[in-house]
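**Q** Work out the full structure, taking the sequences as your base and the hints as a guide.
Number of protein chains: 2
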Amino acid sequence: MTLADVARASGFSTSTVSIVLNEAPLSRYVAAKTKEHIRKKADQLGYHPDALARSLSLRHSHTIGVLVFDISDPFCMSLLRGIERTLYPTPYLPIIMDADNRPEQFERYLDMLIGRRVEGLILVANWLFAEIDTLSKIEKNKIPITSVGRDLSVRSVRSVVVDNEAGGYAAIQHLYGLGHRKIAILRGPQAMEDSLRRWRGIQRFAAEVGLQLDPRLTVQLPSLMDPVSGFEGGMQLTAELVERNLPFSAILAFDDLTALGAIRALWAAGRRVPEDCSVIGFDDVPHAALTSPAITTIRQPLLEMGALAARLVLDAIKPSRRDSAQQGFVHLMQPELVQRDSARRLTIGRTSKSLSRKS
Amino acid sequence: MTLADVARASGFSTSTVSIVLNEAPLSRYVAAKTKEHIRKKADQLGYHPDALARSLSLRHSHTIGVLVFDISDPFCMSLLRGIERTLYPTPYLPIIMDADNRPEQFERYLDMLIGRRVEGLILVANWLFAEIDTLSKIEKNKIPITSVGRDLSVRSVRSVVVDNEAGGYAAIQHLYGLGHRKIAILRGPQAMEDSLRRWRGIQRFAAEVGLQLDPRLTVQLPSLMDPVSGFEGGMQLTAELVERNLPFSAILAFDDLTALGAIRALWAAGRRVPEDCSVIGFDDVPHAALTSPAITTIRQPLLEMGALAARLVLDAIKPSRRDSAQQGFVHLMQPELVQRDSARRLTIGRTSKSLSRKS
DNA sequence: TTGTACGCGTTATCAA
DNA sequence: TTGATAACGCGTACAA
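Order-wise, the sequence lines are chains A and B. If you use my numbering, the first sequence corresponds to residues 157 to 515, in order. If you use my numbering, the second sequence corresponds to residues 157 to 515, in order.
Calculated from the structure, these hints are not laboratory results. Incorrect hints may have been included.
No copy is singled out in the list; a pair is fine if it fits within one copy or between any two copies.
[Stated by the list, open to error] Straight-line Cα separation of at most 20 angstroms, SDA-like style, residue types lysine to any residue; simulated pairs:
# : residue 1 : residue 2
1 : Lys-296   : Gly-202
2 : Lys-197   : Asp-267
3 : Lys-296   : Leu-201
4 : Lys-298   : Asp-199
5 : Lys-191   : Pro-378
**A** This is the structure:
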């Protein structure tokens, strides 16, 4: 079904049909019954304008590429929702691609997205990805890029990330406020900047209140990992901690998955959460609220972050902006403590040996 | 950067450039140094062929639409992965759209997908969706459709679904084998066919072994719900069960989210899983393995289901097939019991009042 | 108020 | 070996 088909069937020319169907300005001058007739014919023929041909003619595709590094990471879901919802009322269509954790796939999809002439690009970079130089291709093509979840502002891309330092600070502050002093810290992989930032926040708080962080209780997730292995990592690290028999009454985990792993290890060792040990996570992925106990965590405003990322590309696409000054700007979102059931006030005189004797 | 630009820069015609860059058959006759030269020029200009124009010319888009009804449902992630991985080595590009649980959005995206001339369509219909007549549009357009996760075979669409009856059967069989007799059953919403099928499997097993299903222990999730409310529903139903003080030693939940809700209610009531009550889920969504206790469940082979769905559309797209006979065929996938920690053998003489006295 | 003709970037056909 | 030209389906000046 092409425009020509509709034109032939309705007895008018393609231009008239096009004008009517698009409600173009000129359609003001088209007779009402002509419009009626054309619309009916089009409908009855099941005509759908060819978006490809239209894009070609109009010289813009009305699409925004959304490149996700790992769609199975629960972290992404809310981000995608935020993007989706922001784009929905606009004429822009998000095209979601999943790189399945593989850099080559990422590159290939990037190429395809460029080939499809996306007008903007949102990178959902939840996890590490090696400095992919492929981005320079995009930069050359002058396609506005926004990265969400990871700071890529070194290049010419705008980034939307959570304030990791504030998050780390809030996490330890909460635990401290609950009376915990012997706190095990499960840091993220070395290579991850998020991890470093959170750690800085933790240290800052500790310094402010004079809390001593026992280096033996501060451990680090291995470097090369995919998101799920955050669970494995948290579990293993915690198991080792338990094994070493160091006293601790709380665990500050790198993220929710790590926290889940920690809880599993605790559970396996017969320690209850939160009775015997408090645990705090980071991110607030959707299912953090669904476990028992529900995870107390530092919430990244994922929905809002996705929405902001979408708005940023949208803004950058509009030609009538001098936002170019904002190139590479980092938007820091404020995290928020979500109190649930996995962390509680340290009670005195409980039997568990995991309790601190100090307080 | 267009083909014409490269042609101009390299001093050859667009045809030659096109032939060389596509490694078309004719390129066998092009001088090696010409190829070299053209390739270098193209590369250095950062030329990316315009997929839209190419599609227009070739009369096929090499895209497959993937319409997800709710991308935030963990159920979808593995399905998407399966689709993704199957399509990756082919020239077909999956275009993922998320309807965000809203029928209007579903319809709009369906239209856009048709407009973009997708050559096939995969419906990831995890949750209920009202008989959307919009599908008839697609049927008119002769685009092959495959539905995964939900049986839509009434129409001309091939469906890939798990054998729900076998799953229900396996679930109760497992619980029964563990010694449980007083089993609470959290059935899915009335309107959902999956639920009915699973229930049939349960009844069949019960009849075979002469197990009496206490009607008071068989409850049903409310009808209008989005996926997360499966959690709410499971929690509420279980809380009511506990409240009514009926003895039961195991819960057979409609799906994993429902199971999570049940566990939460049990947890809130001070009953431990699996010590005081066993729980079995359905689906094996990614995080069923990450809770403590990890959920024993009936696994849907989601990855394989996604892969099969993708292969089905791929097959249907190939013109040289007489698969049309397979229109509307349902592919039943076999579920599999995954034993983890939320269900265990009923031990005799435990203190909990929730135990069955019979066995 | 409606029709004609051209261009968007590619590929395919045919000629040279 | 390479180049000109006609589609592909659509929007839009421009003409009528």
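**Q** Hint by hint, note whether the structure agrees.
**A** Going down the list of hints, with the structure as the test:
{"no.": "1", "hint": "Lys-296 to Gly-202", "in the structure": "between (40 angstroms within a copy, 8 angstroms between copies)"}
{"no.": "2", "hint": "Lys-197 to Asp-267", "in the structure": "between (39 angstroms within a copy, 18 angstroms between copies)"}
{"no.": "3", "hint": "Lys-296 to Leu-201", "in the structure": "between (43 angstroms within a copy, 9 angstroms between copies)"}
{"no.": "4", "hint": "Lys-298 to Asp-199", "in the structure": "between (39 angstroms within a copy, 16 angstroms between copies)"}
{"no.": "5", "hint": "Lys-191 to Pro-378", "in the structure": "neither (66 angstroms within a copy, 47 angstroms between copies)"}
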